[in-house]
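Novice: Residue-level listing of the chains:
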Amino acid sequence: MNLHGFGDQLLAGTLLTLQLAFASLGVGLALGMAGALAKTSRNAAARWAGSTYTTVVRGVPELLVVLLVYFGASQVLTMLAELVGLDASIEVDAFTAGTVALGLTFGAYATEVLRGALQTVPHGHVEAAQALGMGSGRIFIRIVMPQAWRVALPGLGNLFLVLLKDTALISVIGLEELMRKSAIAVSHTKEPFTFYMAAALIYLGLTVAAMTGLALLEKRAARGFARRAA
Amino acid sequence: MRLIKILPALALALGLASGASAADKLKIGTEGAYPPFNMIDEKGKVGGFDVDIAMALCAEMKATCEIVTQDWDGIIPALVQKKFDAIVASMSITEERKKAVAFTDHYYTNKLQFIAPKASSFSPALDALKGKTLGAQRATISGTWLEDKVGKAATVKLYDTQENAYLDLAAGRLDAVLADKFVNYEWLKGDAGKTFEFKGEPVFDDDKIGIAVRKKDDKLRQRLNEALAAIRANGTYEKINAKYFPFSIY
Amino acid sequence: MNFEVIVENLPKLLDGALLTVELVVFSSLAGLALAFPLALARCSPRLWLRAGPWAYIFFFRGTPLLVQLFLVYYGLSQFEAVRASVFWPILRDAWWCALITMALHTAAYIAEILRGAIQAVPRGEIEAAHSLGMGVWQAQRRIVLPRAVRIALPAYSNEVILMLKGSALASTITLLELTGAARTVIARTYMPIEIFLAAGVLYLLISFALVQVFRLLERRLGVFAC
Numbered sequence: 540m541n542l543h544g545f546g547d548q549l550l551a552g553t554l555l556t557l558q559l560a561f562a563s564l565g566v567g568l569a570l571g572m573a574g575a576l577a578k579t580s581r582n583a584a585a586r587w588a589g590s591t592y593t594t595v596v597r598g599v600p601e602l603l604v605v606l607l608v609y610f611g612a613s614q615v616l617t618m619l620a621e622l623v624g625l626d627a628s629i630e631v632d633a634f635t636a637g638t639v640a641l642g643l644t645f646g647a648y649a650t651e652v653l654r655g656a657l658q659t660v661p662h663g664h665v666e667a668a669q670a671l672g673m674g675s676g677r678i679f680i681r682i683v684m685p686q687a688w689r690v691a692l693p694g695l696g697n698l699f700l701v702l703l704k705d706t707a708l709i710s711v712i713g714l715e716e717l718m719r720k721s722a723i724a725v726s727h728t729k730e731p732f733t734f735y736m737a738a739a740l741i742y743l744g745l746t747v748a749a750m751t752g753l754a755l756l757e758k759r760a761a762r763g764f765a766r767r768a769a
Numbered sequence: 033m034r035l036i037k038i039l040p041a042l043a044l045a046l047g048l049a050s051g052a053s054a055a056d057k058l059k060i061g062t063e064g065a066y067p068p069f070n071m072i073d074e075k076g077k078v079g080g081f082d083v084d085i086a087m088a089l090c091a092e093m094k095a096t097c098e099i100v101t102q103d104w105d106g107i108i109p110a111l112v113q114k115k116f117d118a119i120v121a122s123m124s125i126t127e128e129r130k131k132a133v134a135f136t137d138h139y140y141t142n143k144l145q146f147i148a149p150k151a152s153s154f155s156p157a158l159d160a161l162k163g164k165t166l167g168a169q170r171a172t173i174s175g176t177w178l179e180d181k182v183g184k185a186a187t188v189k190l191y192d193t194q195e196n197a198y199l200d201l202a203a204g205r206l207d208a209v210l211a212d213k214f215v216n217y218e219w220l221k222g223d224a225g226k227t228f229e230f231k232g233e234p235v236f237d238d239d240k241i242g243i244a245v246r247k248k249d250d251k252l253r254q255r256l257n258e259a260l261a262a263i264r265a266n267g268t269y270e271k272i273n274a275k276y277f278p279f280s281i282y
Numbered sequence: 170m171n172f173e174v175i176v177e178n179l180p181k182l183l184d185g186a187l188l189t190v191e192l193v194v195f196s197s198l199a200g201l202a203l204a205f206p207l208a209l210a211r212c213s214p215r216l217w218l219r220a221g222p223w224a225y226i227f228f229f230r231g232t233p234l235l236v237q238l239f240l241v242y243y244g245l246s247q248f249e250a251v252r253a254s255v256f257w258p259i260l261r262d263a264w265w266c267a268l269i270t271m272a273l274h275t276a277a278y279i280a281e282i283l284r285g286a287i288q289a290v291p292r293g294e295i296e297a298a299h300s301l302g303m304g305v306w307q308a309q310r311r312i313v314l315p316r317a318v319r320i321a322l323p324a325y326s327n328e329v330i331l332m333l334k335g336s337a338l339a340s341t342i343t344l345l346e347l348t349g350a351a352r353t354v355i356a357r358t359y360m361p362i363e364i365f366l367a368a369g370v371l372y373l374l375i376s377f378a379l380v381q382v383f384r385l386l387e388r389r390l391g392v393f394a395c
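Residue numbers (this note's numbering), protein chains in the order written: chain P, 540 to 769; chain A, 33 to 282; chain V, 170 to 395.
Hint data in this document are derived by calculation from the structure and do not stem from the laboratory. Note that the structure is predicted; figures quoted are calculated from it, not measured. The beta carbon of each residue, even a glycine, is placed where N, CA and C say it ideally should be. No incorrect hints appear here.
List time: in silico DSS-like cross-link candidates among lysine-lysine, alpha-carbon distance up to 30 angstroms: (1) A:K57 - A:K114; (2) A:K57 - A:K247; (3) A:K226 - P:K729; (4) A:K231 - P:K729; (5) P:K729 - A:K221; (6) A:K162 - V:K181; (7) A:K181 - A:K143; (8) A:K181 - V:K181; (9) V:K181 - A:K184; (10) P:K729 - A:K213; (11) A:K150 - P:K729; (12) V:K181 - A:K131; (13) P:K729 - A:K164; (14) A:K275 - P:K729; (15) A:K75 - P:K729; (16) V:K181 - A:K164; (17) A:K143 - P:K729; (18) V:K181 - A:K130; (19) P:K729 - A:K77.
Looking from chain V toward chain A, a few residues come up when the C-beta cut is under 8 angstroms (computed): (20) T341; (21) T343; (22) R357.
Model the full assembly from the supplied sequences, consistent with the hints where possible.
Specialist: Rendered as structure tokens:
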């Protein structure tokens with residue numbers, strides 16, 4: 540495959556794609572955890588907020604979420620700043636907007652995965668911890684999460700694979716990640732097939748790497764649990 | 033990654049950076065997919081006529097400038113939302129746009145002209161456009177012209193970038209592309225454009241290209257106008273023009 | 170918020186929504202048709218029969234839909250041979266390119282869903298079919314597949330919703346489906362928030378409608394009974 544000297548650019552794009560994926564993963568996990576806690580909360584308003592979030596985000600195209608966050612967020616923020624009398628320029632650049640948009644999407648699906656996982660932790664474990672005098676925060680970190688994590692990992696892993704591919708959407712708002720870099724190369728070389736195929740192969744490579752990493756993580760999380768039933 | 037700093041070094045050399053106030057730092061938005069006016073090379077650097085003009089203006093105003101690339105659809109919203117302070121991206125001065133932004137005096141005059149395969153009998157007469165498949169970039173005056181004049185009679189296809197419209201013209205998906213004459217001129221010069229040519233006279237020949245700024249930034253608009261007059265007078269503009277076209281495009 | 174601009178441009182958005190529904194319905198059905206042979210071959214004990222579908226599914230699930238779309242629409246036209254071929258009248262059309270890509274893409278996912286469902290059919294039922302004297306193919310057609318379809322239906326409905334969301338990408342190859350229509354309107358009104366929110370509401374309505382259709386279908390097929 541002759542990349543006409545654009546190899547370095549594709550590499551730079553790939554690195555940005557990875558940065559974007561991991562930044563969105565961080566935002567998404569936080570949102571997913573908040574969503575799961577909201578949905579399992581005893582507070583009706585929190586439950587309502589949680590389910591509105593997941594229903595809306597899961598029913599609207601990722602591309603639209605990306606465009607809306609990109610154009611909408613800074614407009615809203617700038618308006619708010621002007622309201623309080625600040626003439627500040629509030630910038631939401633493509634990377635930030637992309638991270639928030641992809642994080643929002645990931646979080647909505649992760650909410651369901653995490654909620655399911657939290658519910659698999661036997662209530663008796665929580666009660667036992669309470670009997671030992673542990674506070675609720677400690678119970679969550681020391682008792683609930685280590686068990687829920689193991690259950691949630693495969694589901695979250697699948698979501699990460701989806702997220703990795705969704706980063707391509709951020710090219711539409713001009714972030715020069717892998718897809719946009721490929722398009723720039725196409726405009727110089729007039730060889731769309733060559734460069735979009737190169738991009739496809741790089742995405743495949745990233746997917747395989749992510750799958751391998753996830754398999755290792757799952758193995759680690761499953762330590763001490765016999766997987767094979769008789 | 034997409035911020036390409038072009039002038040800090042120059043500004044330092046001129047001894048400006050130390051005394052530069054916040055107002056002398058400008059962010060200039062451009063698209064980067066519109067050769068020869070603005071494009072990104074294989075090193076990831078932004079260049080082109082627009083960028084050269086922007087740099088000359090910044091040097092004239094003794095300001096430190098940073099070039100930011102932005103996809104075309106979002107370029108006006110991004111200016112309004114203060115992602116940058118001015119758009120130097122071959123933007124036509126139109127009434128529709130004036131509702132959202134303010135423009136400087138024009139820095140070149142564009143014409144809209146169709147290109148089509150040499151072998152085709154394509155004619156830009158309105159009657160002859162019926163039933164044709166015509167392409168242009170979304171959110172450009174070419175796109176608006178097509179939508180307004182032949183939106184009902186012909187199939188109008190709008191693209192995210194001008195390059196994608198050319199790819200489709202070369203692939204034979206379009207009967208013709210309507211775009212800025214000088215951009216078409218550049219594309220016809222390249223390998224992909226060999227079997228294509230201009231068809232008929234320009235359908236619109238007084239398309240003034242200006243720099244867009246936020247409506248509130250009248251001071252910046254005036255400074256840009258003064259700088260523009262200065263580079264016109266001192267020969268800098270001519271030099272930049274000659275670098276890209278053998279004829280004056282002012 | 171400027172509601173006037175939404176009302177003014179609603180007809181354009183509704184036209185776009187119609188095209189969106191068209192793309193989703195056709196690609197989901199075509200994808201389903203493609204997925205059956207893929208899934209059956211993928212379950213085959215013979216390696217040479219299994220390898221092709223495996224590679225196909227691997228490629229289409231491992232790369233972004235946007236890349237696939239650009240490969241089909243802009244990529245294929247790089248080759249003179251494609252442009253001279255009998256397929257060109259179809260491939261030169263953006264609507265067909267979007268439909269073909271979406272169908273190929275979703276087929277890979279549906280095939281995996283079907284494979285899971287086929288493997289979830291209780292062995293006892295297949296053995297019972299064999300003991301009644303059914304051959305391999307007859308057992309597949311009359312016992313395994315009908316059973317697998319019921320098992321797979323909920324997952325298939327999820328996949329259709331994912332295609333609804335994926336269809337927004339067709340806007341990048343000039344189609345004026347809902348997102349494309351919204352972007353074109355915004356190109357002239359510069360009101361991104363209003364128009365994108367309106368488009369978002371239309372997408373939610375479409376996805377609710379699709380979910381209802383699948384609920385009815387599940388009830389009719391008695392999915393919950395098995």
